[in-house]
Structure formats: structure tokens, C-alpha cells
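> The lines below spell out each chain.
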Amino acid sequence: MIEIKNIHKSFGKNEVLKGVDLVIPEGNAIAVLGPNGSGKTTLIKSILGMVLPNQGEIFLNTKNIKKGWEYRKQIDYLPQIANFPNNLKVSELIKMIKDIRGGEIANESKYIDLFSLHPFLNKKLGNLSGGTKQKVNLVLAFMFNSPIIILDEPTSGLDPVSLLVLKDIILEQKVKGKTLLISSHIMSFVEAVCDKVMFIWEGKIYFNGTIADLKKETNEDDFEHAIAHLLKNAHA
Amino acid sequence: MLKILKYSFYDLIRSRWSYVYFAFYLLLGFVLLFLNNDVSKAVITLMNVIIILVPLMGTMFGIMYFYNSKEFTELLLAQPLKRTSIFIGQYLGVATSLSLSLILGLGIPFLVYGIFKSEAILDFSLLLVTGGFLTFIFTAISFYIGLSNENRIKGFGYAILFWLFMAVIYDGLFLISLILFEEYPLDTFSLIASMANPIDLSRILILLKLDISALMGYTGAVFQKFFGTSWGLIVSLGVLFLWVLIPVLLIRRKALKKDF
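Those sequence lines, one after another, are chains A and B. Just so you know, the working numbering puts 38 at position 38 of the first sequence, and the rest follows in order with no gaps. Just so you know, the working numbering puts 36 at position 36 of the second sequence, and the rest follows in order with no gaps.
Rather than coming from a laboratory, the hints here were simulated on the basis of the structure. None of the values given here were measured: they were computed from a predicted structure. Glycine is no exception: its CB is placed at the ideal position from the N, C-alpha and C atoms. A hint or two may mislead.
As the list claims (entries may be wrong) - Sample of chain A residues lacking proximity to chain B, with all beta carbon distances greater than 10 Å (derived):
1) Arg-72
2) Asn-87
3) Pro-147
4) Ser-162
5) Ala-228
Said to hold, decoys possible - Examples of chain B residues toward chain A, derived with CB under 8 Å:
6) Lys-3
7) Met-64
8) Tyr-67
9) Glu-71
10) Val-168
11) Asp-200
Work out the full structure, taking the sequences as your base and the hints as a guide.
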């Protein structure tokens with residue numbers, strides 16, 4: 001369970017998060033939605049300890065994460081931009097991350113198969129296309145069996161086939177009872193894989209509930225329209 | 001930290017630039033030895049090259065590596081690793097591989113030439129030691145500049161300016177102040193001023209080991225009295241070590257406070 005209490009974060013004069021309170025129970029798939037620059041990535045990075053909040057606390061299973069690093073063993077993270085050392089080969093990168101995680105059991109071959117990455121294993125990362133890099137990124141995020149998975153824009157650069165593969169993987173992780181936090185702008189993708197949505201607007205949580213709740217509240221049958229409605233209301 | 005060091009090191013020793021850097025020293029070593037046929041003179045010429053080039057390469061490689069591995073660093077930051085071990089590990093990886101290029105590149109030609117039979121072995125090892133120190137110092141400072149500046153252009157600018165200041169401008173200011181205050185006793189001042197710049201310190205350390213301090217007049221005698229003794233050598237190496245330690249501590253402090 002992740003508990004976020006009154007998180008504030010500003011970069012210079014730019015106040016990004018203005019008091020976010022949130023509880024993410026175990027075994028839920030939650031989508032983090034919001035317009036560009038609303039603070040989605042900042043919130044995600046605060047949970048990972050990459051961004052240090054000005055105020056407020058974050059607890060992972062009732063333990064404060066401040067200044068800790070071992071708690072990240074429980075988290076698998078997919079960063080928004082996939083960029084790796086250009087001189088390394090794909091197989092070496094995977095081996096290296098496994099080594100860094102200290103010999104945790106990893107299931108990389110399954111995901112290499114799923115994303116058909118075999119032909120690229122001995123290529124250098126600098127020579128890969130953006131989409132292929134994103135697939136490598138996804139393999140790195142899913143190969144460990146951590147209870148919490150955080151995905152920041154997982155769909156970017158993927159072809160339709162890989163997108164379907166990704167959906168299946170996420171649904172499989174849900175069945176395993178994992179906690180997922182996904183940020184995305186592709187509404188159909190969010191609707192297909194997430195139970196709950198959380199809408200961030202101007203540094204605060206504007207809506208937090210199930211997709212059905214959202215549709216009911218906005219009187220819209222269609223998820224995309226419901227989100228648009230939410231945005232319009234937020235602007236008003 | 002050792003794991004990060006290992007991977008940064010591997011990453012660098014496989015890059016083309018490390019080989020170019022290595023090959024450059026190899027060529028320089030061979031050319032100087034066979035043109036000079038005098039190890040002592042070769043050491044002086046090498047010193048003049050090393051004292052300027054090593055800090056420049058440390059600065060450039062350091063800042064380039066830092067900015068190029070930014071996204072990868074973010075990937076590491078999300079892993080169960082301590083922040084400080086990521087940055088210190090990367091720094092040590094860069095500095096070690098650069099030092100290795102320097103030591104192997106110059107060491108091989110001198111071994112071939114037969115340095116162990118020559119009396120210049122001590123001068124030569126001092127040259128390599130100071131070269132190593134300068135690499136570690138300037139790489140650390142460029143890492144710190146990189147950490148403090150999100151903007152790459154600014155970071156590059158500050159790093160190059162710092163090198164230029166230490167390698168060129170500092171000496172100019174030093175000389176001007178010596179001329180301006182020539183009526184005052186300047187021994188202590190010049191001793192301290194040369195300690196405050198690792199490039200000057202390395203240069204004086206090597207020059208005095210080569211016994212050409214007589215060329216430097218009275219100040220040379222003062223310097224010889226201080227740097228020429230083993231006490232002076234220990235103090236100088238201590239100061240060089242401080243020049244490594246302080247930027248590393250600054251990197252540590254910055255890394256703990258920064259958002260990524």
C-alpha cells in the first residue's frame with residue numbers, strides 16, 4: 001500500500017504539486033491522468049524518491065520512504081524516456097540491471113519472447129530505433145516480480161502489435177494481485193487496463209475513483225468524453 | 001558502488017575516444033623518446049603537455065559522460081541503489097579509465113625504451129602520479145559542474161572556463177601580483193598561491209624533482225627548500241588529495257539534494 005500525505009513540490013517559482021493526498025491500496029490498477037505539465041511524472045518520481053518533496057510524506061507499507069533506498073526493491077519502474085548507454089548491448093544491459101538488483105529472480109526470457117527482441121540482443125543500444133528501445137525498457141520493467149509496478153507513458157513509440165502484448169502483460173500482472181500505477185494519454189488503453197483513474201489538475205487531485213464513478217458523475221457514457229467533461233469543468 | 005564503477009568503466013574503455021586518448025599518449029611517448037634520446041628531457045616535454053592536456057581531457061570527458069548518461073542515471077536512480085554510490089561510482093569509472101589510458105599510453109613506450117635501467121624512473125613515476133591526480137581532480141570538478149547545471153551548454157561553458165582559468169588565467173594573475181608586490185617578501189604568498197592551483201602545484205613538483213630549480217632564482221631556492229624535501233612532497237601530495245576529496249564531497253552533497 002502506498003500512502004501519500006500532503007505532498008508539495010515546486011521547481012523554482014513553478015508550483016507543480018500543491019498538497020496531494022492519496023492512498024493506493026494493494027492490488028489495484030490506477031491510471032494517473034492529467035494534462036501535460038499537471039504533475040503526473042513529478043508525483044510518480046516522488047514515490048520513487050527521485051524528486052524530493054518540499055513538504056509532506058510518503059509511506060510504503062506504513063514505512064516512510066524518506067532517505068531510504070532499499071524500499072525500491074519492491075518497485076518496478078518504467079521511465080518515460082528510454083535512453084541507455086550506447087556502447088552496451090541489449091543482453092549486457094539486461095544482465096547489468098539484474099546484477100544491480102542483486103540477483104533477484106528475473107524472468108527476462110519470457111518478455112524477450114513476447115516483444116520478439118531476440119534479433120536485437122547482440123546489438124548495441126545506440127543502434128536501436130525508439131520503439132525497440134521502449135520494448136527493452138518494458139522488458140527491464142517487467143522482468144522482476146516486484147509487488148508494485150509504476151509505468152510512465154508505457155505506450156509511447158509502440159506499434160499496434162506490441163501495444164496488444166503490453167495490454168496482455170498488464171492484465172496478467174493484475175491477476176497476480178500487483179499494484180499498478182500507470183500514466184498515459186491514450187484513453188482507450190487506460191480504459192482497457194485500469195480499474196481506477198486519478199485525475200491531477202493544477203497540482204491537486206481533482207478526481208479519484210472508478211471509471212464507472214467518473215461516467216456517472218459526468219453523465220457521459222463514453223470514457224473519453226467523461227475525461228473531456230472533467231477537463232472543461234476544471235477550466236470553468 | 002563497485003558495480004556502478006565497473007559498468008561505467010567497461011562502458012568507457014569500449015568507447016572509441018578512450019582508444020584515441022590512449023593512442024595519442026602512446027604516440028607522444030614514442031616520438032618524444034626517439035627524437036630526444038634523453039629521458040629527462042622527454043619527461044620535461046611530457047610534463048608540459050600533460051599539465052595542460054590532462055585537466056582538459058578530464059574536464060571534457062567528465063562533463064560529456066555526465067550529460068550523456070543522464071537518462072541512464074535516471075534508470076539507476078529508480079533501482080534499489082544509494083544515490084551517492086551511483087554518482088561516486090560513475091565518477092570513479094570515468095576517472096579510472098582516463099588514468100589508465102594515460103598510464104598505459106605513456107608507460108608502454110617508456111618500458112620499451114628501458115626506463116627501469118634509467119635514473120629517471122622516479123621523475124617518470126611522479127609524472128604519472130600527478131597526471132593521475134589531475135585526472136581525478138578535474139573529472140570530479142566537471143561532475144560537480146554537471147550536477148549543478150541542468151543546461152548542458154552552460155555546464156560545458158563553466159567546465160571549460162574553469163579549466164581555462166586554472167591552466168592559463170591563474171598564472172597570469174599570479175605573475176601580475178608578483179610584479180605589483182615585488183617590494184614585499186613573496187615567498188609564503190607564492191608557495192600558498194601555487195598550492196591553491198593543482199596545475200601549478202603539479203608543475204612545480206615535477207620541475208623541482210628534475211633539479212632545475214636553479215633556473216628559478218631566489219624563489220626557486222625557497223621552493224626547493226620546501227618542495228624538494230620529502231616533507232614537501234608529502235604535503236604537496238596531501239594537497240592534491242584534498243583537491244580530489246573536496247569536489248567529491250561536493251558531488252555527494254549535491255547528489256543528495258537534487259531532483260531528477
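> For every hint, state whether the structure bears it out.
Verification of the supplied hints:
With a cut of 10 Å on Cβ distances, Arg-72(A) falls inside the contact zone with chain B, its closest approach being about 4 Å. Its closest Cβ contact with chain B, about 5 Å, brings Asn-87(A) to no more than 10 Å, contrary to its assignment away from the interface. Remark: the non-interface label on Pro-147(A) is consistent with the geometry, its nearest Cβ contact in chain B lying 14 Å away (cut-off 10 Å). Distance check for Ser-162(A) against chain B: the nearest CB is about 20 Å away, which clears 10 Å, and the non-interface claim stands.
Its beta-carbon lying about 32 Å from the closest one in chain B, Ala-228(A) satisfies the requirement of being farther than 10 Å from that chain. Nearest Cβ of chain A to the Cβ of Lys-3(B): about 6 Å, under the 8 Å cut. The hint holds. At about 12 Å, the closest approach between the beta carbon of Met-64(B) and any beta carbon in chain A exceeds 8 Å, and the interface hint on this residue is violated. The criterion of a C-beta within 8 Å of any C-beta in chain A is not met by Tyr-67(B), whose closest approach is roughly 12 Å, and the hint is violated.
Taking 8 Å as the C-beta contact cut-off toward chain A, the hint placing Glu-71(B) at the interface holds, the least distance being around 3 Å. Because the smallest distance between the Cβ of Val-168(B) and any Cβ of chain A comes to about 33 Å, over 8 Å, the interface hint for this residue is violated. For Asp-200(B), the interface hint is violated, the least distance from its beta-carbon to any beta-carbon of chain A being 36 Å, above 8 Å.
Checked against the numbered hints above, the structure violates hints 1, 2, 7, 8, 10 and 11; every other hint is satisfied.
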